[in-house]
Structure formats: structure tokens, C-alpha cells
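Undergrad: In case you want the letters, here they are:
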Amino acid sequence: MIAHIFEYSAPTDLKEALGQLASGGKPLAGGMSLIPIMKLRLAAPEHVVDLGRIVALNYIREEAGTLHAGAMTTHYQIESSPLVRSRCPLLAEAASHIGDVQVRNMGTIGGSAAHADPAADYPASLMALEVQFRLASSSGERTVSVEDFFVDTFATALQPGEIITEVIIPVEDPSAGVSYQKMVQPASGYAIVGVAARITKSGGKVTKARVGVTGLGPKAFRAKAAEKLLEGTEGTAADIAKAAAAVSEGVESNTDLHASANYRTQMARVYAGRALSVAVSRAT
Amino acid sequence: MATTTITRTEPLVGKRIRRREDPRLITGTATYVEDIQIPGMHHACILRSPHAAARIRSITTQPALDMPGVVAVFTGADTQGIGPVPCGASLPGLRVPYHRILATDRVYFVGHAVAVVVATDKYIARDAIDLIEVDYEPLPAVADPEKAIAPGAPPVHPEWPDNVAFTFHQEGGDIDKAFAEADVVVKQRITSQRLIPTAMETRGVVAEWRPGEKSLTLRSSTQIPHLMRTLVAQMLSIPENRLRVITPEVGGGFGSKFNVYAEEALMGFIAMKIHKPVKWIESRRENFLCTIHGRGHVDYFELAAKRDGTMLGLKLKLIQDLGAYHQLLTPLIPTFSVLMMPGLYKFANIQADITGVFTNCVPTDAYRGAGRPEATHGIERMVDILAAELKMDPAEIRFKNFVQPDEFPYATPTGLSYDSGNYAAPLEKALAAVDYPHLLAEQAKAREAGKLMGIGISSYGEICAVGPSPAMPAGGWESATVKIEPTGKVTIMTGISPHGQGEETTFAQIAADELGVDIDDVLVIHGDTTVVQYGIGTFGSRGTAVGGSALYFALQDLKAKIKKFGAMLLDSDDILFANGQCICNKTGKSVTIAEVAGASYRAMKLPPDTEPGMVATRFWEPPNFTFPFGAHIVVTEVDKDTGDIAIKRYVAVDDIGKIINPLIVDGQIHGGVAQGLGQALWEQAVYDDNGQLITGELMDYALPRASRMPWIESSHTVTPSPVNPLGVKGVGEAGTIGCSPAVVNSVVNALQPFGIRHIDMPLTSEKIWKLVNAGGQA
Amino acid sequence: MKREISVTLNGKPRTDEVEPRLLLIHYIRDVAGLTGAHVGCETSICGACTVAVDGIAVKSCTMFAVQADGKNVLTIEGLASNGNLHTIQEAFWNEHGLQCGFCTPGMIMVTKQILERNPNPTEEEIRHGLEGNLCRCTGYQHIVNAVKTAAAKTGA
Amino acid sequence: MKINGTYLVHLPQERAYALLQDPEILAKCMPGCDRLDKVAENEYEMKMKMAIASMSGLFDGRVKLADQQPPSSFRLLVEGKGKIGFLKGDGLLKIETGDETTNVIYEGDVQIGGTMAAVGQRLLDTTSKMMIKRFFDKFAEVTRDLKTPGPVPAQLQD
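Chains as they are written, first to last, in our numbering: chain A, 1 to 284; chain B, 285 to 1062; chain C, 1063 to 1218; chain D, 1219 to 1376.
Watch out, some of these pointers could steer you wrong.
[Claimed, not checked] With a Cα cut of at most 30 Å, we get these calculated DSS-like pairs of lysine-lysine:
1) D:1351 / A:224
2) B:1051 / B:932
3) D:1356 / A:26
These aren't lab readings, by the way, just hints derived from the structure by calculation.
Just so we're clear, the structure is a prediction, and the values are computed from it rather than from any experiment.
Isolated chain A, as found in the complex:
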């Protein structure tokens, strides 16, 4: 319950923050993952750099066909943003599944992505949405695709001293159908599996399918085999079943007290089927 002693700073300016991070500071975003593990003494950063006062990291805006969300935008802000709900409903839906009211009030999209918990809700949608992350460090900025960003369990493309500053999300085709379906671990509320689906149809055929999966493997991933199987089909129940069955292809499933690897694999298929069915039915 009591963390180790640490130094604390709360810069209001991004540059200043990046400078402090460059000299070994640990970034604190919403703190929903970091603070609990600090309290259990599983983490003991010497210097915590609180990003919570950098106003310039908290925004949602639309620019030329993309939504831009500052890294410090909270799950609640995403969940309740009329802009996100209309222009990228999948992200709002995913945000509404995270944790609980209090966690959504504090937790941030940047913090969640940077933590790269293999069972977090956001990454499935971020994968399906093919977002990009703008990263910054004291030595400059760069943009990486979501696929390059999530590297492994709790491991991302972030270099020491580097943080996410922005998530860039393509505005959804208004005719697309989306859905995030999650099997909830009863104690923690984390996803046993979570599947985010985006479907675009044209002339009665699925022209584009995007499927992001969390909870199943060491990191969130795109189920490309499933996507391929669905694209070009009419999206019938049989088509969906076939695609859903392929959702776990090439992934070594996680196992824990709440779900064995085999069960998780099967549930990924079931929830992929559900997410795809809803998404297909919502696509116009």
C-alpha cells in the first residue's frame, strides 16, 4: 500500500517533461497501472514525471480525415466525446468497457497503450482502427504504426525517455459497422479476450474487415487471416464463422487461473464471431 520514496515533478510544458524523461524519469499518466504496482513495490521509479499538468496533451480534434487524441485524454473523455462517438464509434465503445467509472475518469489512452498490458481493452480497437502513435523524446518526434508499436507483453516501440504524445485515428467510413466484444475476467475486469471488429460493405460484399484481438496472446494483434477470409464474402453467418475460427491463427494463447490456453482460444473465436456479426449487421 505504500510506495518507495521517489522524486516528483509535474511539468506543464511538454519540452520540459521530455527533458526530465531523458534523464531517467518515469512518466506518470493516469496512473491506473503504475500506481498500484508502485504501492505493491513491484515498481520503484526514482523520479516520477507527472504528465497530468501538460494541458497540451489533452485534446480530441478532427483534422483532414483523422481524429487526433492527445495522449492524456481520459477514457471517459473518449467514451463521452460526441466527436469520437460519431467519427470513430469503435474507440468510444472500447473506452466504455475499460475498468470502471473511476478508472475511466483517470486512465488515459496514452498511458494504457504505453503500458501494453496483454489484456487491456484499448489495444484491440487501436489495432483494428490501424491508428498511429506520435512519439516524442528530447531528441525528436516520430510516428509509428500501431502494429509496430506493440512489440510484446508490456513491451512497446517506446525508447527510454520517449512517450506517446498523440494517437492518430482514421475517421471511420460512416457506412462501416463496428463492435467491441469482451469476455470479462470476473475478479479484475480485464479482458479474458476482447475482439474489436470493423466491417465495410459495398454491393453486398464485405470490402474491408479489420479485427483486433486482446487478451489472447502476449500482445494485442490483428487477426489478418480472419480478415482475409471475410473480405470478399457476403458476410453470412457461415462466412463469419469461418473467419472467426481463424482468429487465433499463429498465436500462442495465454493461460491463467481464469482461462486455460485452449478455452481462451475458443473464446477468442466465439467473441470474434460475436463482434463480427454485430459489425456486419451494423455496416450499411
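Chain A is already provided as a structure; the job is to place chains B, C and D on it using the hints.
TA: Same frame as chain A, now just chains B, C and D:
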């Protein structure tokens, strides 16, 4: 003296009255142990073993002692003279390991206390813990009771290599004859998994030593302040009358605080050593690791019956996971299961064998229901298994075997005498509530459509109002003192120690009715051994049934005294006491209770053979337990794809005798059902093979949440208990006991198309999914 | 190294020196002496420590006091005004939405947030909103009733 | 917790067998390990800093090699203890020959205790797998130029 016409006011007993405890609780002004601040208070933090079994080679404390702010570090070597942690149970041949308050040469479970740091600040105390070095030599451990009694298992206590703490045998009737006459015998292994009580407030102790007065005050989050005083005084070898135990607001107990733990004596020891007040608040992790767990049964049942469904006899081999030590009642809990074995049925013949087994785990002890949920789960499952075997309706087989209303008091083969009942009534009411024939038709349709719909019934009984003193190690009576102050205000001091059950309200209702005073003029005090006469405490659904009865009798004594003073003041022998006034039937003149009380304290004149003052105390010994009963019906639907269980309806009909406050009773039923449902569906304390508790936090131990609870349709039948003057039976544990078999029966019923006969709790989605997808092969 | 923070706690400004690692819940309870919010776990699951920071319900065990510098903190103690219970407090009392009372301050504070954002929640929405708050006594049914009642009162 | 897997290394069998027991190589490849200090034949002490995302912990550890059956198998025993708990691994490594490549087949048991065990349950399997993968990835990287016997190049000793 006023002359008044008396109109009878409506009684408060039986009314939905909002609780008088609540204003402080909803405004954040209640005082729990952690809220206590005493000038100069120090803080303790305990270092605990990460190993389930290990030898302690050495402990190095100096670096911790050197830390600024640390005032002391104590280890087992410093506390050898304190203790042991008491076991109140005595059974023939019981092996009782010496339970030191801090480990000395060896640790026996993960979480075993090894050292304690005392510092000026809780942050410093926590930091200093990391500076203590313990050199452990890990030893093989065993965490599963069946593995522990298998040959070659590592001994938990080297002095008892078979890991058996006791065996216990009980028989009633002629079990061999019953089985010989049976047409059918069904057998099943049924487990009742280890559970973690998880009161939202963890345990905590504040100890304060006043050297001048040579007195120690312990503020502890407990259900049993007086028993704690007696036992801790013994542990610390101090005179009992110089130890004061105060129970401030207690944030839930569910049995886990019906105990005396090492930390209570340890904090007392520290306060006496350092001459400063000291506070210890258990962390949630410690709560999971070191506060008692519940259940932990492996039961082998055999039920013998006639082909027409008449049940003849029941055999049980019960393996109880005790953990590494006996806490206060650890070995007794499974014996309650044996007492409860026959359930509501006319079994003439039973046989039970308990093996109490040591494991390298935290001790099990009383958790909501304490032995009765395990027994009820077993018998109610066995009845369903028999019904399936005989292709009988589960309701019909129950009706056929119930003890009948004209058979009370009913002597059971386990030696109990059931007080009163109409066991068919709640089941009939529950069946009507769900429209059983219609429900069965609906189920048939659902099955045709390939849906897995289940209907589950449990007809449970329980042993409450614990209990007559001969049945309890430390007495089963309860006490009450009622004082009418000179101004007419009424103060009740009860020996029970409620912590959420609402007796500050229900007792005030009883007193207000009996004395005819305004409920706001009644104050209920509990939980301070210096203020309140000795009492036993709150557990076993006894608060109102035993404590309330003591109160009732004290009130009768006072009423008699009031009438004596009234007669004197009104100068008449023809006196009526009603609505808080003594009235002369002849003249119509009256005196109020305040006037009577005032006169009794001024004592200008006293009635013959009457002492001044208006105080009555009763220590009431119940002649018997009470036996509440009821029927719960649960409708479920199982998702074939995921194994998820949806509870479509939850109907609870409970007969808890007379009801004092229906609002509070509803709350008790709901909360009880939630804990039963928790066991049925989600909760399990899981130790790995090495004795590590891997459900060591709320991240993995799944408590029921708001979104997962069904709506509970609660109603009652009322069969008063003849055992006590209030006619109450007790409600605290009913929901829990009735719930789990109804849920499991429902899910097993849903999976009947797959030939499923039994599923052990918790019914996790994965477990169900596997059964469905393996076509019933577990 | 200690830092100075200024917090408006239940409407009253105060300034204190705190260690950065001091949790907001410990600041409220141990420094400011307001013990209504409780600690029920250490993994941010139970919600007993819920308070509002700048009108946002947070688990004060998962926030450092320094993060609250310059902010408005409202605890259960600040809810009643002029001796009158808040509608939600009244509803919890009337509906018997509590037993041991330990989780109650957190429940009431999160209910406030739920109703601020959705004045007429369905039962499902109420239960979803209570997801971050554990109660071991009530089975939640009376809490759900309390939230419904408070909503009806507030809406009326 | 049971673990098992197979890893392909681009080394001949005997070379793989030797390098997998080379304390300098092991020290390089074991995540968070700084160095191994020999305390007895086939037994080493180490200090380890395990870091997974924000989580980290210091461990005092011991590595033992046993039941050596050159060039085909040996047991690797790793123990570590720190303030956040302890871990114990006991693995049998089977080195199966190909010509240019070799399969390392491991199976064993990992025991975790303390805070890590109590709060990290859902992540133990995933992170154990990741740690093992990190070990072999690093092993592949470190041994890329060591297909034939010889001293470990100086640039690897930093």
C-alpha cells in the same frame, strides 16, 4: 400527575424502519479502528513469510532498527512468553499445535508472521520491513487436504507426520440396516471450496497501555469483544480486569472476526513494551493470507433410498482442510456440518466420519454459515442426484421426505431437536412464485430449441441462534442490561457485538414497544468491555434470537419494577402499564415512565422490597438452537458457446420465524444470497502445489459485483420459534445456506441433456464449457 | 523531498507539506483528519476510497496527494450542506443501502458521479456504474434501489 | 507452473551444448542478469534485475548446472529471491542435433512466491514465456558468430 386516555400506539416490531446506525455511516463520521488517532501513536508493520514451509535459519533486524523513526523490531525470540493463539475447541484426541504469535524456528504457511516493525509513521514502518533479512530454508509443503493424508506427503507439523489433527465419528439409527434395505444407493464426491471472507474492512488493532493505571486498552475490529478480552488477557498474562476491549464500528465480519488472532496480543505486547499507543491495520493482501478462510471440504456422500423416493440413510466421509493451525473454532466447524447432515428430511439413520487435516495454508474457521452451508450443499445436491436417478421431480422427492408440521419438536439422528417448522410451506410458495408447471413446460420448449435452461431447488434448513451453552466452547447465552435514566431515556447495553446487522435499530424497536417510549429515546450500546456487562458476541445468526431475548427478559424485569413504582406513585394496586405510562384503572390517573424513573432514582420513597434505580440485567441461556428453513428456486440459462451462466430468476422464500424489521431482513437475505452465489459461481481460494495463494488479491479472487448479481425476489413464511420469547429464528446466514445448492442444482439441471450429475463449485464458465463441449465428460 | 501542496478540501483551502509518495487517501485521512473515505484494498478494485477531484470521481488510493495540488477535493464529509443530508445520502438511508457501512462513502460518491452524468439511469446502467465499488454486505439490491430513489428525487 | 517449448539455434549440437553452459553466455542471455560468479563447480551466484514494463525487482540468485549428458542434455536450475518474492526454475534442456541447426527442447517447472505470486497470477504464464523467449533471442544474437569453438569475443564482454 396527568390524566390521560390511552390509545394503543402501533407496534414498531414488524415495521420497515430505517436504521438508526446509518446517519453516522452515510456522512463519513463513524469511527472504525483505522480512524482512531491517539497522541503519540506508533505504527506497526508485520513481515510475513513468502514460503509455505521453511526453516528460519536467521533473522537480521539491525538495519531496520537503524532506520530513523523505527523504535523497535520484534521477532519470535522476543515474544516466546506470549500466547499461544487460542484454540477454543476440544475434541477427543485433538492435536493442537502450539501457535506462537510470531514464528520462531519455522514457518507453516505463506503469510505466517515472522517479525514486526514499530515506527513513528506507517510509511517508515513499511520501509523498514524491507530492511529485515530472513534466511529461510524452504521445505516441501502440502496445500491440498487429500494430498496431505496420502502416503509420503510432507508433514505440516513434523511431530504428526500423518497430517491428521483429529478424527470424529458420529452415528444415529442403524445405518447398515438402512443401506441393506435400500433399493438404490447414490454416491457422490462433493467439494466445498476454500473461500476468503473478505469483509470490506480488514482487521485492525490499536493498543494503548496506561502504565500508571496498569491497564491496557485494545480497540479491535472484532465480533467478540468480551471473549477477546478473556483470551488476550490470558495470552498476555495480565489481569482480565485491566484489559479493556473496545469494538468501534466494524466493517463486516462474516465469521472472520469471530476469532482471536496473533496480532491482538502482539499489539498489546508492543504497547506495553514501548509505552506508546500502537496501531496495526491489516492490508488486503494480509487479509487474504492471514485472516481465516472458510469452507475447505471434500465430502464423500452415500444416500440410500427406496424406489419410491423415501430416503433411508446418509453416510458422509468428510475431509476438512484445517490449514496449519487451529484458530478459535477451526476443528469444530466440520462437526456443525455433521449436525446439519439430515437437512429437513426424515432420515432415521446417519453415519459420519470427519478427518481434520493439517495443510500448509492459513487456518479455516467460521465463515458465514460455518459448516452448515457445506452440509446443506451436500444434502441438497444428493437429493437432486437421487431424484435424477429415480427420475422423480426434485420438488416431489422433497415433499415426500420432509419432516411434517405435526412432528415438532423433531429429534434428529444427529442429536438435535428441531424447534418448529412447516417445511413444505416455503417450497410451495416458491413453486407458486415461479409457476412451476409453466416453468417446466417452458424448459421443455427451450430444450427442444436446443437451449440449456435449468431449474434448481434447494430446501434448506439451518442451525441458528447459536446456541445453548453446552454446544459452545465459551458459552452460548447472551446478556442485556436496560437502564431507564432519571429523565426517562432508555439505554440498552447488549453483550452482542453487531457490525452491520442493525441491532441498534431492532433492539430499539423491541424496547420502544415494550416500554412504550419513542424509539428516539432508546440508545443501544455495545462493544466496550468496561461499559457493557460480559457477553458472547455476534455470530451464528444469534444476535436477535439470543441477545434480543436477553433484552426482552430484562425489559420484562423493568416493566415489573416500573409497575411497582407506578402503583406506589398512583397509590393503587390496579395498575396498567402501556404506552410508556402507568395508569390507574380506577381513577384513570397516570404517571409517565420518566416520572417513574425519576422517582426511582430520587428514592424519596420506595415500594416494598424494591431497590432504587431503574436498571435490569439478564443473562439468558437459550434452551435450544432455532432452526430456520426455506426454499430457494433459481432459473438459469447456460450459454453453450462460452459456458457462461445467466441467472434468469432468483426466488427466495425464507422462514426465519417472526420478523422484527422487514427492511433489515431483506438486506440480510440479499447479502447472504450474494455470498452463496459468490461461492457457487466465482469465489475460490486457490493455493498452488507449493502452498502459494495465487488468488492473493481482489484481482484474482472474484467477489460478486453489482453487475453480476441477479434481482432477488425475497419473501417469507412465518413459523415462530417456540425457543425464545420473540419467536425469531435468525436470518444472517439463511441466504448463504439456501443459495449455493439451488444454483448448482439449477445448472446441473440445465446440463441434464448431457448426462451431467454433479459439478463442483465454483461453476466457472470454463468448467461448464468443458462439460458442454465434451458431451458431459468431465 | 517534501513538497507543498494546496488543496481545497470540502470547500476549505489548506496547504500542507507532503512526501510525493503520500497517497491522496492518506492525505485526506491522516493529514486532514477526514476519515470517511476508507481503504479496502491496495489494487484499486474496491472503490471504498472514492472521492471527487474537480468533480471527477476517483479512487483516492490510486492518486498521489501531489497530483491533487491546486484542485478541489470533495469527500463524503462535504456532501451534506447546512446539516441537511444530500439526496443520495437520504436515499441510501431510506432504502437500507448499507449494512456495515464501510463501502458506503465510496458508493455514495460514485453514485453522485453516475447521476450527474445520467440523471435517469436504468437498472443495468446503475449496476454498470457501480462496477468499481465492492460491497460484501448488501448483495447490491438495496444500493441499486437507493440509486434509483435518488435519481427519482433529483429528477423530480 | 509447467513450462515447455522448443527453440531453434543456428549452431551445431556440441557447440550449442557448450555455449548454453558457458557462464559468460548465460550471464549475457538471462534477462536482467549482470554477471555470474562461480561459487562451486557448475554453480554460480548472480544479481538480477528483472524488469517487465514498469515492474522491476532485484534478486539475489543462484544458477546450477546438473545432470550433464554431453552433448545432448543437462538441467538448469535457477533460484532468485528478492523483496517482491522468490522464483525457482528447474528445467531440463535437451539439445537435439541437426546439421547446421539444433533444437533446444526445454521443459520444466517454475515456482513463484511472494507478492509476485499473489498479484501477478494472470501474467505469470505470459511473462515467463516472454522471459524464456528473451533468453533464446539473446542467445541467438550473442552466439551468431560463435559457431566454432574459441574465446568469447571481447566486444561481448562489456
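Undergrad: Next, verify each hint and record whether it holds.
TA: Taking the hints in turn, this is what the structure says about them:
1. D:1351 / A:224: 23 Å, holds
2. B:1051 / B:932: With Cα atoms ~20 Å apart, residue 1051 of chain B and residue 932 of chain B stay inside 30 Å; holds.
3. D:1356 / A:26: 26 Å, holds
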